[in-house]
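Visitor: Please arrange chain Y on chain A, whose structure you already have, making use of the hints.
Number of protein chains: 2
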Amino acid sequence: MFLEKKTFNDFLTSPEGIASNILTNRLKSLVNHKIINFKLNPLNKKVKWYYLTDIGAESFPVVIEMIKWSIRNLNNDFGPHSIKWFEQNTKESNKITSDKAISDYKIFRKKLLNDSKNQS
Amino acid sequence: MFLEKKTFNDFLTSPEGIASNILTNRLKSLVNHKIINFKLNPLNKKVKWYYLTDIGAESFPVVIEMIKWSIRNLNNDFGPHSIKWFEQNTKESNKITSDKAISDYKIFRKKLLNDSKNQS
Chain A
7 MFLEKKTFND FLTSPEGIAS NILTNRLKSL VNHKIINFKL NPLNKKVKWY YLTDIGAESF
67 PVVIEMIKWS IRNLNNDFGP HSIKWFEQNT KESNKITSDK AISDYKIFRK KLLNDSKNQS
Chain Y
7 MFLEKKTFND FLTSPEGIAS NILTNRLKSL VNHKIINFKL NPLNKKVKWY YLTDIGAESF
67 PVVIEMIKWS IRNLNNDFGP HSIKWFEQNT KESNKITSDK AISDYKIFRK KLLNDSKNQS
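Chains A and Y are the protein sequences, given in the same order.
Position 10, counted from 1, in the first sequence is what the numbering used here calls 16; the numbers after and before it change by one each time, with no gaps.
Position 66, counted from 1, in the second sequence is what the numbering used here calls 72; the numbers after and before it change by one each time, with no gaps.
Keep in mind that the hints were calculated from the coordinates and are not lab data.
Each hint should be verified, as a subset may be incorrect.
Note that identical chains are pooled: a pair holds if it fits in a single copy or bridges any two copies.
No farther apart than 25 Å at their CA atoms in a straight line, the calculated lysine to any residue pairs in the SDA-like style are these [claimed, not checked]: (1) 52 / 105; (2) 54 / 99; (3) 101 / 68; (4) 116 / 75; (5) 34 / 24; (6) 106 / 72; (7) 40 / 89; (8) 40 / 78; (9) 116 / 78; (10) 40 / 85; (11) 101 / 112; (12) 34 / 99; (13) 52 / 99; (14) 40 / 112; (15) 11 / 48.
Here chain A stands alone, though its shape is the one from the complex:
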C-alpha cells in the first residue's frame, strides 16, 4: 500500500507471495483497526481500492526502519523502491524521508478518493 498498490490482486501478486486467505484476514483486521480503509472502484463495484488512513500513513517511519534493518541484516533481494529509500536515508534524516513519503502518499490518496467520487 505504501507503494501505491491498492487492490486485493495487487497485494496477492506482490513478491511477498502472501496466501489469499491470510491476505483476506489481514485486510479485514487492518480495516477494523482503522489503519486502512477502502472505496469501491466506481467502474467495477466488485473491486475494492484499499488505502492507508492517516493513522496508517503515520506508520511510514516504522516501515523505513524495517527496510533499513532488512537491508543491513538479511540476505534478501530488494526492489528498486526499497533501495531508493535506503539511499535517501543515508543522505537525509528519517524524519525528512518519512514526512516526504507521507506527503506523497496523501497526494496519491486524494486523487484516488476524488476519482472515486467523480465517477460514482
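Guide: Structure of chain Y alone, referenced to chain A:
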C-alpha cells in the same frame, strides 16, 4: 526480549496474551532466521534462555518507531517501559535512544551467556 525477558513462560505470561502454539512457532522461526538464539538454563536444562543475536538487537530502531506510532495513534494502555522510551525520544534522537538500548541489552546478554558458561 527487549525488556530482558528470556524464558518461554516470561513471553507467555506477558500482557500481549500470545497463544502458546503461536509463541512456539514464532520462537522457532526467529531462531531459524538467526534473529534470536538460546542457551539452556544451567540449573534446569529443560528451560531455554532466549536472547537477541546482534541482528535481533539491531532491530531496536524499528521497535522504537513502533512504540512511538502506537502511543500516538492507538488507544492502548502502555507499560512504564514504553512510556519511558517515548519520553526519552521527545528529548533525544532515535539514534541515541536505540544505541543506548542496544548497548544496555548487550551488557544483559553478556551476563546471561557468562552465567551459563560458568555453571554448565
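Visitor: Against this structure, judge whether each hint is valid.
Guide: A quick look at each hint next to the structure:
In this homomeric assembly, residue 52 and residue 105 never come within 25 Å of each other (Cα to Cα): the closest approach is 33 Å inside a single copy and 49 Å across copies. Within a single copy, residue 54 and residue 99 get their C-alpha atoms no closer than 35 Å, and across copies no closer than 39 Å, so neither meets the 25 Å cut-off. In this assembly of identical chains, the alpha carbons of residue 101 and residue 68 lie at most 25 Å apart whether taken from the same copy (11 Å) or from different copies (14 Å). Only between protomers do residue 116 and residue 75 lie at most 25 Å apart by alpha-carbon distance; the minimum there is 23 Å, versus 31 Å within a single protomer.
Proximity of residue 34 to residue 24 under the C-alpha cut-off of 25 Å is found in both arrangements, the shortest distances being 15 Å within a copy and 20 Å between copies. For the homomeric pair residue 106 and residue 72, the shortest alpha-carbon distances inside one copy (17 Å) and between copies (19 Å) are both at most 25 Å. For the homomeric pair residue 40 and residue 89, the shortest alpha-carbon distance between copies (23 Å) is at most 25 Å, but the shortest distance inside one copy (29 Å) is not. When the C-alpha separation of residue 40 and residue 78 is checked against a cutoff of 25 Å, the pair qualifies only between copies, where the shortest distance is 14 Å, while the shortest distance within a copy is 31 Å.
For the homomeric pair residue 116 and residue 78, the shortest alpha-carbon distance between copies (23 Å) is at most 25 Å, but the shortest distance inside one copy (34 Å) is not. Taking the closest pair of Cα atoms, residue 40 and residue 85 come within 25 Å of each other only across two copies (23 Å); inside a single copy the shortest separation is 28 Å, beyond that limit. Proximity of residue 101 and residue 112 under a CA criterion of 25 Å is satisfied intra-copy only: 16 Å inside one chain copy versus 27 Å between copies. Proximity of residue 34 and residue 99 under a CA criterion of 25 Å is satisfied in neither setting, with 33 Å inside one chain copy and 35 Å between copies.
Taking identical chains as interchangeable, the C-alpha atoms of residue 52 and residue 99 are never at most 25 Å apart, the minima being 41 Å within one chain and 46 Å between chains. With identical chains, the CA atoms of residue 40 and residue 112 are at most 25 Å apart within one copy only, with a shortest distance of 16 Å there and 37 Å across copies. Within a single copy, residue 11 and residue 48 get their C-alpha atoms as close as 17 Å, which meets the 25 Å cut-off; across copies the closest is 51 Å, which misses it.
Violated hints, listed in ascending order, are 1, 2, 12 and 13; each of the other numbered hints is respected by the structure.
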